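Assemble the dimeric complex from its two separately framed chains, guided by the hints.
The listed protein sequences derive, respectively, from chains A and B. Counted the way my numbering counts, the first sequence spans residues -6 to 564. Counted the way my numbering counts, the second sequence spans residues 37 to 618.
FYI, nobody ran anything at the bench for these hints, they're computed from the structure. Certain hints may be false.
Lysine-lysine pairs mimicking DSS-like chemistry, simulated, CA-CA at most 27 Å apart [to be verified]: (1) B:K506 x A:K56; (2) A:K203 x A:K276; (3) B:K533 x A:K59; (4) B:K454 x A:K56; (5) B:K533 x A:K56; (6) B:K199 x B:K141.
Computed from a predicted model, the values in this text were never measured in an experiment.
Letter by letter, the chains look like this.
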Amino acid sequence: MTDNRAKNEIIKENSNLLRGGIAEGLGNVVTGALEEDDTVLLKFHGSYMQDDRDIRAGRSKKKLEKAYSFMIRLRIPGGLVAAKQWIALDDIATTYANGTLRMTTRETFQYHGIIKSNLRRTMQAINAACLDSLAACGDVNRNVMSTANPYLSPVHKQAYDLAKGLSEHLLPKTGAYHEIWLDGEKVSDTSRAAAPEDEPLYGPHYLPRKFKAVVAVPGDNDVDIFAHCLGYIAIVENGKLVGYNVTVGGGMGMTHGELDTFPRTADVMGFCTPDQAIDVGEKVLTVQRDWGNRNVRKHARLKYTVEANGIEKFRAEVEKRTGFKLGAPRPYKFERTGDLLGWRQSADKKWHLTAFVENGRLKDRPGNTARSAVREIAEAAICEFVVTSNQNLMFVNVTAKNKGKIDAILKAHGMPVEASSGLRRNAMSCVALPTCGLALAEAERYLPALVTHIETLLETAGLRDDDIVIRMTGCPNGCARPYLAEIGFVGRGPGLYNLYLGAAFDGSRLSKMYAQDVGEDKILALLAPIITRYAKERLAGERFGDYTIRAGYVAATTAGNNFHANLNLTG
Amino acid sequence: MVAPLLPKTAPFAPDDISALNNIVTRATREQRHWLAGFLSGFDAAQAGPAAAAAARPKVPLTILYGSESGNCESLALKARKAAQKNGFDAKVFDLADYSVELLAKAQNVIIYVATWGEGEPPQRAIDFYSALMSDTAPRLEKLNFAVLALGDTAYAQFCATGKAVDVRLEALGAQRTALRVDLDLDFAKAAAAWTDNTLKAFTPAEPSKVVHVDFKSSGPELDDDEPEFTAEHPLEAEISGLINLNGSGSSRETWHVELSSSARGFVYQPGDAIGVLPTNDPELAAKLLDAVGLGGNAGLIKTLVTSHDITTLSRPVIAAFAKLTGRTDIAWLAQGESFAQYAADRQLLDLFAEHREKLTSAQLFGLLRPLPGRLYSVASSQRAHEGEAHLVIGAVRWNSHGHDRLGVTSTYFADRRKVGDTARIYVKPNRHFRLPEDQARPIIMIGAGTGIAPYRGFIEDRAETGAVGKSWLFFGERNYTNDFLYQLEWQDHIAAKALSRIDVAFSRDQPEKIYVQHRLWERRDEVLGWINDGAHVYVCGDEKGMAKDVDATLVRILGGNEAGTAKLAELRKAGRYQRDVY
Ligand code: SRM
Ligand SMILES: Cc1cc2nc3c(=O)[nH]c(=O)nc-3n(C[C@H](O)[C@H](O)[C@H](O)COP(=O)(O)OP(=O)(O)OC[C@H]3O[C@@H](n4cnc5c(N)ncnc54)[C@H](O)[C@@H]3O)c2cc1C
Ligand SMILES: Cc1cc2nc3c(=O)[nH]c(=O)nc-3n(C[C@H](O)[C@H](O)[C@H](O)COP(=O)(O)O)c2cc1C
Ligand code: SF4
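Next up, chain B with everything else stripped away, as it sits in the complex (with noise of 0.2 Å):
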């Protein structure tokens, strides 16, 4: 609460005053300083033309971003900061707390999106996006727009989520201002670019007279300064831990990774992520130059290495392969529903090597995109392990069309990696999977598998704050003999009252598979009873294999149908129900 600006004594009637203190205050920073300039000028034109030029109005400018991982979040900030300094009055909104009706009467927008899932919207933009998409949408004759899409070619739906935003604004009858772009995974640099280019096409030849003061809303006060280290300017950062979790005769293989440096930037909190720059597997890097007629050259392979995706069989890439070799059967994969077909468990290297043609260096380094990084949900608290990160890693392995196929970095981790090396990692914050602000709240934690990985960090954060709040771990593996990871650190965070209850699900040690959610709904009366209680709702894990249908459950739970859907709703705008999944 703000106290009010205006005294009693101010010379209002009483009403006038809490009428325009209700304005002033829920009015952000710049809203006052441009109100200021307003009443000033108001007066300066009545006082005559010279003085007029004093106030000149800025132009509005709504920034919106639909983001998960964060990417289009910062985007967008940066974006409101360059905005200010252009002369903008701009606004920055999460798309979770916007909503068509405000888009109607707004004037101009920038939109960042990503796209999620297999082509979905991010989580929290779901509700803005298909209340866009319906029939019941307000027509948008007066906005102008532009969109950026974020998203990664690796998928087949590239930027899904962008385009039909883009497409469907544009039916509602708005004005595109600059065209959209849709990035890949290495979207910086390119990013930057397109958002001074935009914000000039949205600065009026002359400032507009129409003078548009939106004090509806405003957004979220959002601290936009980035992490010291990025994935442009990455931390060297020791492994001082690489354990693998699973006891021996494990289906699983789970690698517990520890992350050193004395670097002062290096903070995070817990329920961020650490992203993680690998390099690729040398051999496989070999058998790539093999196969375009580059093999033997240790130079090659060092780069491939270090630098480029030589994994990921994306769209673009098998177009851009089958148009250096002129062969029309290769473009043909690049198709719609054929494309989908060939690279669903193919890699690069399939494609060289099913369609034998020679490269030149120059010609394969123009297909690869930079090797992007990889995220790791932080499995650590720094105020119990101070200038570290802990990561709990999923080796990726799997045999497809007669190749034995290697996750990048899992493996970099799991295979080529060992105690004393170093690794390039980055922060990742997410502000969108935190422990509440309110120590006393009660939390719910599931996950399974490597979901587990931020409940670590946040038990551990509990426990050093002495957090006086309870909390419930739901924790699900295959079995419970060899993949109940960290099992004795829950046995001493739960005999120091750290953790309050945990709850498992083996899927495999019994005949009936059981999984997390059914242990939610087993048991549900509690669960309601400490979501009741004020509880924070937090999912961490694969989304296709287990968030979904934790997330159902929680519907269940909250009333079924409509009710629990709208409940689920609820919590999650209030913050109070959080997912990290991936």
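Just chain A, same shape as in the assembly (with noise of 0.2 Å):
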């Protein structure tokens, strides 16, 4: 019989839980690169080889190969870091990557630039620093997220707890990650097939595509609840978390012109109490193991398992696996997606400041030396931090005398807490070029600039304090969520993008098409009569999302199976 799995699957399967030829790779001077192959499996130790996009051209008449590096995603479940853990982050920074921090979507950090010979070295400062990289990145469960802050609230602090536990539980068992990274030792005995048993839960196969986890503490969908693979929504009543709503099924990533890709917000699939929530996880994981598609990764994500089998299948089994049946779900509302920037108070008197950080890019600027002053504050030890799933950063735990501190600090460095507008507040963008091998198109480079010219249109309008959710990435796999946005950019070429719109504030309703293969001067064509309509014909507190499609501009997305229905495009 053939084998029609997808190439990973057999990469995987002659790795030897995940050490393939990485040892053997690092030992090869001549080539700043690894095989191939092992950059597969690289990921999964959550690192990434990349090249230098912006300098390819000319690379090899210099008789030099592609400016390889790497980038490095660290597991910081919550996101939750310490001051101590900070400064050797940042460190960590200037010595091997290339002199910035950048927070992700998923409420980490990542590192770029960092050459092959200083991999290892690179990887043994971040244990060092009592983190780790391991299942970053790879066909596992990746970092888990939580709605920002564990101090804010008892009920938030059970929500990092599960974050936190269900990242311990589900990690791969493999010794690999050590035996390459930290003790250095000769990778054992390879020839020896691996055994199931030393990946109980995971079998040598791993899972057939990337599973991503969060949690979330209504009001705030900080986390985008539903577009995750798994997903947790804390239930409170009378002050006290009583259990969550799983839900499931949740993505982003598509293909351009590949209608049976798509992005899908997730499904709610029951309740569960908080001793049952790991289970639940566990074998909500174990049925993707088992029915993802294993031979084309296009389709292998739980999203497309879920609406394959459909919601109720899916459940069933999940219950059969765990031996109970969960609950119906509870009632819960959403307010927002993004981040409440400034300072806030919690019951227990502490501070907590949340500051806006451009697309997550920590690093010294001219004017703005905000990583010297995060740096600073971290020497100061008078707070821990917080990276939120918005790509800011938080000041957490503060006692209301060294408030003034941070304040002086931030100032005396020129870094801002609040953003320029609403709309920049709001604003998220992925990577993209130079490091992202997909970038189709500029996301974090270009984002700041296209804001800057939307805000004028704004400022016309009487909307610049306004939320407006703006996102974009570099192509349609979607790093910054950019189909749950308002108003949506995704990449299809240097300097051109497909612009969406209406998506729900909360994060509830994913967005749809409205022009295709738009460059800047047809993109504020296009939003400028809508931003000036909006402002005068918008009810009570109607967002701009239900906005555009109540006036028509878009028809709603209902469910990602009609994310490519309906369009009408313009232009």
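Written out as structure tokens, the structure is:
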């Protein structure tokens, strides 16, 4: 019989539990790259091989290979980082990476520009900070997010503990990570095929595709609960956490022009108690492990498994495996997906500051030495840090008397807490060029400028301070969750984007394509009238996304499977 | 091995036959000719005075050279030719193969010696030099000598080695037959003249009666035929390639230069150097002329650009300028310490600009020496690139005293030449930096920066000839991503097994500095293994920056201190430790 499995399945199978030839590859000094198959395995260790796309051209004429370097993504459940750890992370950025800390849309950090010869020592430095990058990428459960800041309330703490517990529980058990990066020991007998018992949960083939889990505490939907494979909505009744609504089958990624790939908002599968939560999560994962599509990676995500089997059948299988029934979903209400910037006080009288970091790129710029500012605050040891799912940074658990210190340091370094407008405050973009190998267009390096242009439109319409969610990605993979933005841009080619409108402000509804392949001028020309009319015609409290539907610019996307339907494109 | 000359049937006792063979086979052609003449003369002498003249015993002459880049060597070989024509029994020795003991036995010597480093003897002459300078050096009363010193007035210690040797020989009681000359880079004519006169000086009024035959040792048979293209008769080659090898954002600027010509005489071997006759930066020439009140004369600019050294600030230039202008404050600058201090990071322009004095064009040209060529280790093999020579050139740029300075030749290529232009070049053979004759020999190649050059030629050559010997490259630079010179080619050579191993040291990629010598040390056991397997070891590149430390590390690897030093000297003598450093 012929083997129809996707190539990655074979690579995993022959990898002796994620070892492959990585260790040997690290020793090969004539190239800064690793073997292609090994780069697939490397992802499970939290690292991607990349090359600087800005300078690709002309390298070979100089008799140099591509400017290879590696991205390392950390695993930081709930995004919580201690002051000591921050200092270590900051040092690593200077010593081995490109001098920046990149806060991601999943509450963790990425380093860029680490060359092969420094990869091992960087991993060791990360480990010395009591952190790791294991399973930060790859066909496994990724970093687990929870609504920002465990110190905000006991419920937030419980949500954080669930995120952390789930992340630990779903970690791969292979010794490869330690062997390759930490001991530096020669990888144990690679001849021996890996036995499933070495990887009890995943087995030697791991998952068909990446798996993402989050925990949300309403009204905040900062984690974009409906964008992920597995989600927990904290249900609070008279101040106490009674359990979670479990969501399954969300995801963003799609491929241009392939209508059988689409973003999907998760279904609410049922209710579980706090003590059942991890078990339910594990079973959701194993169902996906066994039912997920291992032949076509483009259809391998959990969202397609749920779409194909229906939520009932999926729930039934989960219940079969847990041995208990899930309750009926309880009511909940989300207010927003963005972060509330500024200081906030918790019941225990502690203070928490959320500061805006544009696209999560923490670095020193002339006039705004943000990275040094945070470092200085970390050295003062007067707070902990939380990376939010909106790429912002929180200084948490601060005593009233230290509040002023933090303000002073930020001020001294010219690091603003607020964004210049309600639009920018709710703006997110993915990394894209120059490091992302999949980028079709700019994102992180372009969105700020585009926002500035749109700000002038809003200014004239008198909407400068209104919250409008705008997100941009360099390709349809959707790393900044653009299909859940009221204004979404998805890269098609250099300078060209598809424009999406109509998503719900609280993250419950996907957007719909409004215009295809538009450049800056066209974009502004299209948005100008909509913004003006919105300012005039909006109903009390009506959100921009909802308005664009009511005004007929786009039809509402009620579920992933009609994301591509009912288009009526302008331009 | 030469077959014995005398047949067993010769009318001698077997011992005598082997004894004679022993001598005759080792004798050089000249020695054998002399012997023939001598024996016939001997009989004739028995026969009676009439025939005695038939054997006019030749005057023995030992020609010694201490050379790094081959100038003194070729002068010595030319001298031998001339000496033989003039009836001398002349032998040539590299100081590397000579000793003060032999010197003590010699009768007439001419020494051609260069100065390297900061006033040091050439590498291979160091042993001889220190022996000569040591208190235990033998007296040399019987010796007649003459010294020619090569050097470069750009260096503070001009011709230091030649001067020291000259003085030392006299101190040891030897007689100076001809006065020493100290020659700058434009030595060719003056050296030829000096050699002629010196040979005359050594020719005795009447043939000496004492017949001195020294069978002790015979000079290595050197081919002394000049390459077709020399600094005096350069080749006009086309620049067919010109690439900055460093990635964008590199702190380095290293140029890959491809020179081509279909001229038949355009031949070299990997390990040789290519000489380049550059032209100057026209802007600098203009500034210089302005400074001495000759500004705005296009004709003068052109001459300066093409044929004069307008950058080097040398002692003689300062002295001459002081004389012309009669300024004692300038004269003082040419004195010992103050010169070194003043000239350190200054150039001719500074002298003129800081002491505004008008000069006539005649006076100006009187001050300037001819524009010397620069040498570059050839980075290609003609087996791989017919009719081409590739060079790896590091751009020299720095700023001092408010002026941006440009290395003449490196920026001649980097800034003032483009593909399709021509350049005047010549071939500078380097017999002391060659692949092993035996292609099965392992080679260890150590180099940093532009020191990679000859190894590219070596490996290309071995790839073409299908040499079976293992090869191991140690390369060092600053940053892996931007400075890994010829990375793609090394990848291909490794894949094709033309290069067996490579180790790299990039100093600025991590907190601590890592250099080639550190990699060598990490791999010391294997390196030692290779050496014990007969590997030839090569070092190329910057003297101060790298070669010294590599040398020290090799000594450590070979056993440290005396033992290691001795072993390394042994390797050097055996031609298995070769350096091309600058
Ligand atoms: C850094 C980050 C974007 C950011 O600006 O913050 C990011 C960056 C990349 N994502 Fe992502 N993704 C990031 C969140 C997301 C999200 C949002 C989320 O998870 O909440 C999504 C959409 C949700 C989902 O998974 O459906 C997302 C969907 C993808 C996909 C599409 C997956 C799919 O099912 O179609 C890819 C491509 C793939 O996996 O083949 C991808 C691949 C990538 C890669 C690794 C490109 C690659 O595979 O070579 C990007 C690295 C770029 C770089 O140079 O750093 N990334 N990626 C986010 C890191 C999250 C983390 O810390 O783990
Ligand atoms: C046998 C041999 C082989 C060589 N092979 C190579 C090779 O393969 N590749 C290569 O690039 N070079 C090589 N060189 C060196 C080369 O010959 C030249 O010396 C070098 O290129 C500089 O020449 P230039 O005309 O550009 O600079 P020049 O005009 O000669 O200026 C160089 C001089 O400027 C001065 N100078 C330079 N930098 C500074 C500074 N920062 N501060 C103050 N003064 C300074 C020094 O006096 C230096 O000697 C080799 C040399 C030799 C002898
Ligand atoms: C790296 C280097 C250092 C030198 N140092 C001196 C020096 O200190 N004094 C000097 O008079 N000449 C110095 N010279 C010039 C040489 O002596 C000159 O080039 C000479 O012609 C070389 O002769 P050779 O080819 O026989 O070695 C130096 C040349 C180089 C390349
Ligand atoms: S969305 Fe596309 S371009 Fe942007 S980071 Fe993700 S994969 Fe790269």
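Here's how the hints hold up against the structure:
1. B:K506 x A:K56: 24 Å, holds
2. A:K203 x A:K276: With a Cα-Cα distance of about 16 Å, the restraint between A:K203 and A:K276 holds, given a limit of 27 Å.
3. B:K533 x A:K59: 23 Å, holds
4. B:K454 x A:K56: The hint holds at about 19 Å.
5. B:K533 x A:K56: 19 Å, holds
6. B:K199 x B:K141: 23 Å, holds
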